[in-house]
Structure formats: C-alpha cells, structure tokens
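Chemist: Sequence:
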Amino acid sequence: MTGPVRTRFAPSPTGELHIGGLRTALFGWAFVQANGGQFVLRIEDTDQSRYVEGSVENIYEGLRWLGIEWDEGPDIGGPHGPYVQSERLEKYHAAADELRARGRAYRCFCTAERLAQLRKDQQRDGLAPGYDGRCRGLDPEEAEERARTEPSVLRFRMDRTGTTTFPDLIRGDVTFQNSLQDDFVLLKTDGFPTYHLAMLVDDHDMEITHVIRGEEWLASGPRHLQLYEAMDWQPPRFAHLPVLVDRDGRKLSKRSGDVAALDYRDNGYLPEATLNFLAFLGWSLDDHTTHITPEEFTRVFSLDRVVSNPAFFDVERLDALNGHYIRALDPAAWRDLVADWLDRGLPADIPRPLDADLVTAAAPLLQERVARLDEIAGLSRFLFADLPDYPAELLTERIKGDTELAARTLDAAIDAVGAVSAEAWAPEPVEAALRSLQDTLDLKLRKFVSVLYVAIMGAPRGIPLFDSVALLGRDEALARLRSARARLA
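Using the working numbering, the first residue of the sequence shown is number 1, and each one after it goes up by one.
Simulated from the structure, these hints should not be mistaken for laboratory data. One or more of the hints may lead you astray.
Unchecked claim - Restraint-style ranges between C-beta atoms, simulated for each label pair:
1. Ala328 to Glu90: 47 to 53 Å
2. Lys251 to Glu87: 30 to 36 Å
3. Ser49 to Cys110: 18 to 24 Å
4. Pro347 to Gly249: 39 to 45 Å
5. Gly78 to Arg119: 37 to 43 Å
6. Gly418 to Glu296: 51 to 57 Å
7. Asp125 to Asp304: 43 to 49 Å
8. Pro151 to Glu57: 31 to 37 Å
9. Asp374 to Glu90: 46 to 52 Å
Ideal Cβ positions, reconstructed from N, Cα and C, are used throughout, including at glycine.
The whole structure should be built from the sequences, with the hints applied where relevant.
Modeler: In structure tokens, the structure reads:
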C-alpha cells in the first residue's frame, strides 16, 4: 500500500455522538496528523430505520468542539465522494454483482420467522447463533428468477475451512476458526448494504490505509479479510482500540452516566481537558506524563503506545484535569467564561445585565475552586441574589449539631465585622476581622468556618470566604450574619 496515510471516522447518524466514538475519532485524527496524512469523515447511514434527524450535525459539532477537522467529508467534499453511504448505493450493488459473478455471494430467501426460529433452536441446543446455510446450495439462475417475485437478501459465501489470521496493529495476530463463521448478509431486502459490504467498498474507494475502530469490530475481522480476498483488493491495516469501562468494569453505557460527547461540553468541560483525558484512554506517552496539549499529542501519537486492556473512564480524573486547565486560563479569557456561564446558569429572575464589576471581582475566586464550568452559577449565586431560605440545621451540620458553638460564632462574627467601618471596608480588614474569631472563640478557624459559609453563602462550603464577605459589602454581610443568628434563637 503506497501513498499518504489515510484514516477515516465513519459514525452512524442514529443519535448523539458517543464519547467513545469521539475517542476513536481523536486517535484516527491524531494518527494522520503525526504521519502527515489525511483524515476522512464518512456518514454510514445504511440502516435507514435507525436514522435520527439532527445526528449528522451533532457529529460535526462534537468533533469540531474537540478541535478535530477533516480533510474530506460530506460537508466539504473531496475527490472520493460522496461521503454519505445512502448516496453510494450503485457502488455497493456493483460490488455485490461482482461477488455473485465470482461465486462468493448468493441469494437467500429465508424469512424473518424462519431465522428467528433457527436462533431459538440453536439457543435451546447450546449452539452458536448463525445462519445455517439453507440457501447456500440454490442454483444461481433459479435463485435470480425467484428474486424477481420473492424478497431476498444477498449473503456472502464464507470459506469455512481452516483458519483466518487477522493482523491487528494493537493486539498482534488474532486467529479465528473459520468453521465458527456464518454466511452473513451483504444486501438487505430493501437493497441497502450492511455495514460489512459498505465499509469494504468505501474504504477501498477512498484509499483508506489504516482502519482505527473500536474493539467490538474485532470479531468481524475474518468476514472483512475474506471479503477483501474475494474482491482481489488489498486490505488496509487494522487497529482495534480498547473498550472503555466504568469503575465497575462494565462497558461504558448510559447506565454509567453521560455518554453523549456534547454532554461534556454542556456540563462545563473544556475541550483541551477533554482531549487530554481521552488521549490517555488506552494510550500513553511514557510512564509519567499525565498532561498533554493537542499540539503535542498530534505530534507524538503512535499506535505502538496503544494497549489492548480496557481503559477506565474515570470521571474524577476528568474533573481534576478540567480544574487544572481552568486554573491555567488567562484571566481575561476566564472572566469571559464566567460571565457566559453566569448568564446561562443563574435564575431568570435575577436582573440582567449582571453587575460587570462584581463578575470581574468574582472570577478569580471561582477560578481557584471550580472543577467544571457548570459549577460557576451555583457557587456564586449568593453574590447576585438574596439567599434562598435554608434550615437552621444547616448552620450546625458540620459542627456535629453544636447550636451553642454556632451561636457564639455568629455573635462574634457580627461584632468583628461590624467593627470594620464602611470607609475601611476591603478584603484585608475583613479577613483580619474574621481571623480574629480564632482568638475570641479559642478555636482553629476550620472548627467553625462552615457556620460562616452557611450564613454568607447558604452552603457549608464555597469560594474563598473572606473575599466573598468583602464583595457582598458591609451592610449585606452583616444582614446575613444577623439573619443566620436569628434562626438559632
């Protein structure tokens, strides 16, 4: 196989782009970037019954959010188009005709009812499921005549003797017993191809050199190699990426939480952090690197460093990475993000536009504490609106229900904060006043600080306390402390 490296990402428009699919696209894209090749986007929509409106646009949006661009595809064209399978039916039928002419494909007239019963019988008898070859021996001319009036599918005639060795760039040679393979469908009754035929024709026509796909397709390796052999086409090289699993070792699914790629964007993950996280799901640079930029990843990526073991999708790790990238953001860029996420996250009854100076002042406080952008509104709502009503028990939740300590803390805080004049009101004097409570109460700050957090923010934790009290202003801060004290009366 000569020419530049060419990979493809070929999702089906059956719903939202899966985060696992985004990882597959990322690895394929990084591979061509590292090797000076071309990345092709192809839409595999041959299963028309599962088509979901808007899915193609969702795929585009998810890829571009992560920074993945393609050299050829449905929206930008290219020399190997069209790039949507439903627009390439003539090519698949031509390949099917060639396979029939070579004796490697045959008509099958088995009904859905017969095939369902066959599966039941095989399950009852403890046999592997698969087509039993009932129509395999039909006379080709008679079969073509029947096909004029009877619904049929076209099946591939597998060589069921010996073995097929499938060379995989990640797992090495994988050998399959051909006797365990069945004659699979190439063309369905509606004339649309199955994945196996369409994939083969498209990869050949589009000069794909490397197929990088999920582990679930490894079992189809014998089918695909025999198809290539039957067409006298040279197969591309294959690499099957490790499956993504949750903390219980189960394949990542909707039960595991968010699986749609754009959910991560909408939940406040930065694209740089998400790319960094996905990059290490099955790949590593060395035994110590944990942070990598998109530019470096696409420069150093190689399939040699991809492992076959399942990759743990650790959301806590993603949160930590996202926090790292948030804290590395330029202050101006971060302030703009804060303004955007406050506007979208704060309740509609809070007047707009928000106080720009308050947003600017709150931004650095949030940058210290936020792991996801969707936390911004919740952590800073107290600055822009009155506190919602909260139970008195919240004041003592983290001090083991010690109402007496909570009351002493609030009394001392009211006195200390009240001693700071309006003219002197600033973060430093406020901090000094609140820290003096340690001497007044003869306790470390950590023993009672949760009481102050609840009084000021309505929650036992949040963004830095001293700066927050200063931002509220003297009158509002004192009003909240007094309101909290009244709850304990």
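Chemist: Work down the list of hints and note, for each, if the structure agrees.
Modeler: Consistency of the hints with the structure:
Evaluation of the 47 to 53 Å hint for Ala328 and Glu90 yields a pass: the beta carbon distance comes to about 52 Å. Lys251 and Glu87 have their C-beta atoms about 32 Å apart, which keeps the hinted 30 to 36 Å range intact. Look at Ser49 against Cys110: about 20 Å separates their beta carbons, and that is inside 18 to 24 Å. At roughly 40 Å, the beta-carbon separation of Pro347 and Gly249 lies within the given 39 to 45 Å, and the hint holds.
Take Gly78 and Arg119: their Cβ atoms lie about 41 Å apart, and the range 37 to 43 Å holds. Distance hint check: the CB atoms of Gly418 and Glu296 are about 54 Å apart, consistent with the given range 51 to 57 Å. At roughly 44 Å, the beta carbons of Asp125 and Asp304 sit within the given window of 43 to 49 Å. A hinted range of 31 to 37 Å for the beta carbons of Pro151 and Glu57 is consistent with their spacing of about 34 Å.
Restraint check, Asp374 to Glu90: a C-beta distance of roughly 48 Å satisfies the suggested window 46 to 52 Å.
The structure agrees with every numbered hint stated previously.
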